[in-house]
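Residue numbers (the numbering used here), protein chains in the order written: chain A, 424 to 644; chain B, -17 to 349.
Since the hints were derived computationally from the structure, they do not count as laboratory data. Keep in mind that the hints are not guaranteed to be accurate.
What the hints assert, rightly or not - Here are a few chain A residues that face chain B, going by a calculated C-beta distance under 10 Å:
#1 LEU439
#2 TRP452
#3 ASP465
#4 GLU468
#5 PRO469
#6 ARG470
#7 VAL471
#8 ARG472
#9 GLY516
#10 HIS592
#11 GLY594
#12 ARG596
All of these numbers come straight from a predicted model, not from anything done at the bench. Think of the CB as a built atom: it goes at the ideal place given N, C-alpha and C, for glycine as much as any other residue.
Spelled out from the first residue to the last, the chains are:
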Amino acid sequence: MSTETDLLDFARGPALEAALIILVFGMFWRLVGVLVLRRPRDLSEPRVRHAWLGGIRTIFTRMWPRREFRPRILHWEAVSYVFHFSLALVILGLLPHILLIRDITGLSWPGLPTGVITFAAGVALISLLALLAHRATHPVLRQISNFDDYFSWLLVFTPLLTGLMAYYHLGGRYEDLLAVHMLSAELLLAWLPFSKLAHTVLFLFSRGVTGTIYSRRGAQT
Amino acid sequence: MDETILDAFRKNGLSRRAFLKFCAATASLLALPPAAAAAMAEKLATTLRPTVIYLSYQECTGCLESMTRSFSPTIEHLMFNNISLAFNDTLQAAAGEAAEAARKEAMRKAWGKYILIVDGAVPMGAGGAYCVAAGQSAVDDLRHAAQGAAAIIAVGTCAAFGGVPYAAPNPTGAVPVSEVVRDRPIINVSGCPPIPEVMTGVVVYYLSFGMPALDRQGRPLTFYGNTIHDRCYRRPFYDEGRFAHTFDDEGARNGWCLYELGCKGPVTYNACATLKWNQGTSFPIQSGHGCLGCSEPDFWDKGGFYRPLPAATGHWPRGEVLGGAALGGAVVGVGAAALARSRQQAAAAKSAKEVNSPPPKEDSHEH
Ligand code: SF4
């Protein structure tokens, strides 16, 4: 019998399972693939004793732009931070999300009031729109953006939007919106390892490796 | 048979005033505007008491048990004043062949006009042999009875959506009424069981105004227009992020939201949170248990009553499957890196060869 909750059952069942498998498989593929790559041997004399410390430092120092660049990019950096923090709040603070994570990993933590979450989701959506406008209008950024950037943007935007719509029952019945929300988030999870969104995990390694190489050569990182 | 509903009221010693009061009470139960009570009274005063045939198939009689506890309008009220209940094998005194004969006679007389109430799913497996009464299978019985019905009210989740008999693995091939009968208007009054007042209310609504507005599951919007969650008195706790984590913790004692304990209120359409049960005394969430979602299709097969709504429904071994995916990904990653390495080496060897080999002729002039 076809039922209104069929789509939701699909989203909670096979679609979720498939998305998680692709996410884990893809993330390990990317990560191991990058880590096992051959790096040219650096024959120069190391300038510091523990270059890896420089690598770890770089993970943090790159979190904020250098003084020289600040006047030009600081405001966009701030918008990006606003987006990332509010997104993290939405993903990690909403109880239904926590329950899903607990169901899969066994880890759990207290949730936040839904008012805080919906506010954060709104902020995330607005900042995402601003970042898209910036990307589409900035002459350089436009040149270096490709399908990956725009599609990834869409896949982050959609779960946020459908999540809010589901919460406020806007534009459909709750179970349909919830199903669409879950399916869009699952698409995001499956796409994540193979796109620029893989930076969620890879940023640590790319910064660490760059920082290690530079500090070995005595460069400021 | 030609007596109107108002006549029946009078015959049973009830005044016109009592009749109007009944209409007003029913209209308010149906959340209709006061003017509708007058319209209802006008219609019912001239409406002939319709014949009602109540058939039960794969069911537990819980729906009828529930219906008999309706307080407004009461089942007695309904039976004595509003309808002529020609057949219900549980409530009637007659049994066996006499009962069957009475049913046939009532159906013949009211052919094309009677209201058919069905509770229970209909087994299609083994040629319908899993549910046979008086030598006739449920499916044949329903097909025949439906032909003479003006409308069908599928009472309970089994009749409306298949319910328990339909649950996996559905050994009897049970189906809901709507899969057997396709050419008659069907009103689905789901619930396991449905709220008594919803059942009697729907009957009175149908008598007064005809087919009610239905949702896409064929349920009257009056009663199934909102989710439990939207009308739940614990909703403020949900919004504040206060949840009971177990059935016996501080949250449970404080009456906080039961979402974490598997409450399906957010995706369940029913009137429990507003009409409540046992004359408005309480409803499951008020008694401390999450909503099971019993008025929704397939509520037995949704991954477990105590699994939170956002949790995955599939019972797959999480650790093994995801660990396997990680291992598979790592193997592919190593393979990809090995491939890249050998390409790098080949490229390095090639460039080394180029460096060592004598420069091509045309480039031999000095620079
Ligand atoms: S107890 Fe259930 S229906 Fe009530 S607010 Fe919590 S989740 Fe919603």
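Do the hints match the structure? See the list:
{"no.": "1", "hint": "LEU439", "verdict": "holds (5 Å)"}
{"no.": "2", "hint": "TRP452", "verdict": "holds (4 Å)"}
{"no.": "3", "hint": "ASP465", "verdict": "violated (15 Å)"}
{"no.": "4", "hint": "GLU468", "verdict": "violated (23 Å)"}
{"no.": "5", "hint": "PRO469", "verdict": "violated (23 Å)"}
{"no.": "6", "hint": "ARG470", "verdict": "violated (26 Å)"}
{"no.": "7", "hint": "VAL471", "verdict": "violated (27 Å)"}
{"no.": "8", "hint": "ARG472", "verdict": "violated (29 Å)"}
{"no.": "9", "hint": "GLY516", "verdict": "holds (9 Å)"}
{"no.": "10", "hint": "HIS592", "verdict": "holds (8 Å)"}
{"no.": "11", "hint": "GLY594", "verdict": "violated (16 Å)"}
{"no.": "12", "hint": "ARG596", "verdict": "holds (8 Å)"}
Of the numbered hints stated above, those contradicted by the structure are hints 3, 4, 5, 6, 7, 8, 11, listed in ascending order.
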